[in-house]
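Undergrad: Order-wise, the sequence lines are chains Y and W. Take the first sequence: its letter number 87 is residue 87 in this note's numbering, and every next letter is one higher. Take the second sequence: its letter number 76 is residue 76 in this note's numbering, and every next letter is one higher.
Misleading hints may appear alongside valid ones.
Just so you know, same-sequence chains aren't split out, so a pair can sit in one copy or run between any two.
Straight-line distance between alpha carbons at most 25 angstroms, and here's what the computed SDA-like set of lysine to any residue pairs gives [to be verified]: (1) Lys137 - Arg112; (2) Lys41 - Glu141; (3) Lys41 - Gln142; (4) Lys120 - Gly30.
No lab work stands behind these hints, which were simulated from the structure alone. As the structure is a computational prediction, the values presented were derived from the model and not from experiment.
Protein chains: 2
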Amino acid sequence: MFSMKTIYIGSDHAGFNTKKSIISFLEKQGIPFVDEGAYSKISCDYTFYANEVAREVLSNNSKGILICGTGIGMSIAANKIKGIRAALVHSPIEAKLSRSHNDANILVLSSRNSLSQNQKIIKVWLATKFSRAVRHKRRLEQLE
Amino acid sequence: MFSMKTIYIGSDHAGFNTKKSIISFLEKQGIPFVDEGAYSKISCDYTFYANEVAREVLSNNSKGILICGTGIGMSIAANKIKGIRAALVHSPIEAKLSRSHNDANILVLSSRNSLSQNQKIIKVWLATKFSRAVRHKRRLEQLE
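One chain only, chain Y, in its complex shape (with noise of 0.2 angstroms):
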């Protein structure tokens, strides 16, 4: 069902206590993972965390999963770097939509979700495959 290639793990203090939750998933999934931290609750800026992640995601050609109080500093942040298409996901349906539209290759999750909502997202997201319609091949190609 999923993509077996190393999912590259990050966030800022806001969303420390979430990817630990999500990390315990990953671990019950059999899914391999790498924390590239926060490592505490300690107040860091999520700039650091989202190029550590993207930098991996782009090296590997893997995916990523960015969490912040919002997301949408991580997503802003990520979304910077070429390369990257970083989708902000609230639901499973959407997880789909940004895999087989847009081709995300980085998963970003607020820390107000529920974890059962970050679980259902985070399955959906890892066995979706980019569609490949010719549509939107062309629309990631006027990126950057």
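Starting from the known structure of chain Y, arrange chain W on it as the hints suggest.
TA: The following block gives chain W in isolation, referenced to the frame of chain Y:
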């Protein structure tokens, strides 16, 4: 209450009806705007309208609103542009935080939001100023 600078608004075909309803709302509120298209529900590329709105926002030091099906495509495309901080927002609290913490200059909405939800989001978003807190300014400087 509102910044009275002209708001630049754009959507793709999937966001066309939502854009129409937001335009009626802006008119009723007396908020000046320019409709950058799309002007019909014929299939088109979100990338084009993201670029159009971003260019106007940057050259007029103003704000923009972008709408597509999920808001994800618009959010990726707009954030690729230097100087743009595009926030995909689903609630008034996210609208507030995206202005006070992220100094977002483009508000991205999903066509799935209700009109009353969008009206509340837009009111809060236009009324909220950037906090200028040192930690938020530092993070914004780290973007791009």
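Undergrad: Hint by hint, note whether the structure agrees.
TA: Right, here's what the structure says about each hint:
no.: 1; hint: Lys137 - Arg112; verdict: between (32 angstroms within a copy, 23 angstroms between copies)
no.: 2; hint: Lys41 - Glu141; verdict: between (38 angstroms within a copy, 22 angstroms between copies)
no.: 3; hint: Lys41 - Gln142; verdict: between (38 angstroms within a copy, 20 angstroms between copies)
no.: 4; hint: Lys120 - Gly30; verdict: within (16 angstroms within a copy, 42 angstroms between copies)
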